[in-house]
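Chain order of the listed sequences is L and X. Each step along the first sequence adds one to the number in full-length UniProt numbering, with nothing skipped, and position 59 is 59. Each step along the second sequence adds one to the number in full-length UniProt numbering, with nothing skipped, and position 71 is 71.
Careful: at least some of the hints might be erroneous.
Put simply, identical chains are the same to the list, so a pair is met inside one copy or across any two.
Simulated crosslink set (DSSO-like; lysine-lysine; CA at most 30 Å straight-line) [what the hints assert, rightly or not]:
(1) Lys93 - Lys24
(2) Lys142 - Lys48
(3) Lys24 - Lys94
(4) Lys93 - Lys2
(5) Lys135 - Lys48
(6) Lys135 - Lys2
(7) Lys94 - Lys37
(8) Lys198 - Lys142
(9) Lys150 - Lys193
(10) Lys175 - Lys48
(11) Lys175 - Lys150
(12) Lys175 - Lys125
(13) Lys2 - Lys150
(14) Lys37 - Lys48
(15) Lys175 - Lys142
Honestly, the hints are just simulated from the structure, not real lab data.
Number of protein chains: 2
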Amino acid sequence: MKPVLYSYFRSSCSWRVRIALALKGIEYETHPIHLLKDGGHQLSDEYKKLNPMGQVPALVIDGHTLADSLSIIEYLDETRPDPPLFPRNDPHKKAQVRQVSHSIAGGIQPIQNLSVLKYLGDERKFEWGHHWINKGFQNLEKILQNTSGKYCVGDAVSMADLCLVPQVYNANRFKVDMSQFPIISRIHEDLNKLEAFKAAHPSKQPDCPDEMRE
Amino acid sequence: MKPVLYSYFRSSCSWRVRIALALKGIEYETHPIHLLKDGGHQLSDEYKKLNPMGQVPALVIDGHTLADSLSIIEYLDETRPDPPLFPRNDPHKKAQVRQVSHSIAGGIQPIQNLSVLKYLGDERKFEWGHHWINKGFQNLEKILQNTSGKYCVGDAVSMADLCLVPQVYNANRFKVDMSQFPIISRIHEDLNKLEAFKAAHPSKQPDCPDEMRE
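If we strip away everything but chain L, and leave its shape as in the complex, we get (with noise of 0.2 Å):
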């Protein structure tokens, strides 16, 4: 049996995932929740028993129900280690991968996720995202000035990679100017240019609408 994403075209956390499954290759079938739809198909009571915490992504895979999808995407390389998405061998390298993908999964995204914007209020939510996705940025940065290579960490893609190009992409909604961050703009660009990340983009899932398609 293939494995079985449930997933939003546009979710950060979604993505990060397929572009996990698209470098290691694996095959799987993509089951669409639309988060806005009768006030979100995520809090379904169905989709609940998958995920208690009412969020996508949920992965299917080897008799298991996995959420979070750094938990997933650790799991993943645990079970089918290449390509790597870790350095192997180098505890240090490893805990700068997780430092700059929690940097953004913890310390950037939760904070402007959809839940948090409704619960804002609609007058602050665009001044919010914009506030939090820059400051996490202007961090980030300076971390990446110790970290990167061609990458966020070293030369090699990794999980930091994973978590990048998502959060840029709210980045662009939230109107960041992203010519402050020139390593940040380089490394994104760099990524965009692989086969894996091209699949994962939000225009290429099968719950894209047609005018958002590229």
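Keeping the supplied structure of chain L fixed, place chain X upon it in accordance with the hints.
Okay, now just chain X, sitting in the frame of chain L:
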């Protein structure tokens, strides 16, 4: 040279790392960083050389300066495997440990941390903190129904438990009704009986003000 932990007594992220260091029996020096004085010492140029994110903790160990609590904990577990903070040779259970950890360290704490509350404004901050911890714990309680034994994942202490304890402390600060969460409450109580958890408590830290010692 002893490792040096840059820490604030009441910071959740510092606290997680202190528990890991105590469990593994690693001796270290504490260098307190006051998060409130003079607008926050974590934002000084000097400290930001250690951690460009301007957040505690940072740990100087093995000739490296590490930042980000979960990355530090994973590093300590890779370089000092005993006692383990993850189930060994079980990628599915490891994914559960990370899922619980991220649901707190990525899904709750960042939305109610000091800088977010400050930016939000005094008027909404208490209700906001209460809302997100309460909501996060509702989800977490459901996850723990599937994963917990004596502790968050099975019967061994793991990284997930290191995240749980400081978050319950914050839940109490924000007057969350913990009687809604019998599993979280039971695990929290059991963890607090362990010596490493006692030693890492804010009230035992050198920078804890006298009036807050227990």
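A quick look at each hint next to the structure:
In this assembly of identical chains, the alpha carbons of Lys93 and Lys24 lie at most 30 Å apart whether taken from the same copy (21 Å) or from different copies (21 Å). In this assembly of identical chains, the alpha carbons of Lys142 and Lys48 lie at most 30 Å apart only when taken from different copies (10 Å versus 38 Å within one copy). Taking the shortest Cα distances, Lys24 and Lys94 sit within 30 Å of each other both inside one copy (19 Å) and across copies (20 Å). Taking the shortest Cα distances, Lys93 and Lys2 sit within 30 Å of each other only across copies (21 Å), while inside one copy they are farther apart (33 Å).
Taking identical chains as interchangeable, the C-alpha atoms of Lys135 and Lys48 lie at most 30 Å apart only when they sit on different chains, with a minimum of 14 Å there against 33 Å within one chain. When the C-alpha separation of Lys135 and Lys2 is checked against a cutoff of 30 Å, the pair qualifies neither within a copy, at 40 Å, nor between copies, at 33 Å. For a Cα distance limit of 30 Å, the shortest separation of Lys94 from Lys37 qualifies neither inside one copy, at 39 Å, nor across copies, at 34 Å. For a Cα distance limit of 30 Å, the shortest separation of Lys198 from Lys142 inside one copy, 27 Å, qualifies, whereas the shortest one across copies, 36 Å, does not.
Proximity of Lys150 and Lys193 under a CA criterion of 30 Å is satisfied intra-copy only: 13 Å inside one chain copy versus 48 Å between copies. Taking the closest pair of Cα atoms, Lys175 and Lys48 come within 30 Å of each other only across two copies (27 Å); inside a single copy the shortest separation is 33 Å, beyond that limit. Within a single copy, Lys175 and Lys150 get their C-alpha atoms as close as 25 Å, which meets the 30 Å cut-off; across copies the closest is 47 Å, which misses it. For a Cα distance limit of 30 Å, the shortest separation of Lys175 from Lys125 qualifies both inside one copy, at 13 Å, and across copies, at 26 Å.
For the identical chains of this complex, Lys2 and Lys150 are neighbours neither inside a copy (33 Å) nor across copies (34 Å), given an alpha-carbon limit of 30 Å. For the identical chains of this complex, Lys37 and Lys48 are intra-copy neighbours only, at 16 Å inside a copy versus 43 Å across copies, given an alpha-carbon limit of 30 Å. Taking the shortest alpha-carbon separations for Lys175 and Lys142, only the intra-copy value of 21 Å comes in at or below 30 Å, while the best inter-copy value is 37 Å.
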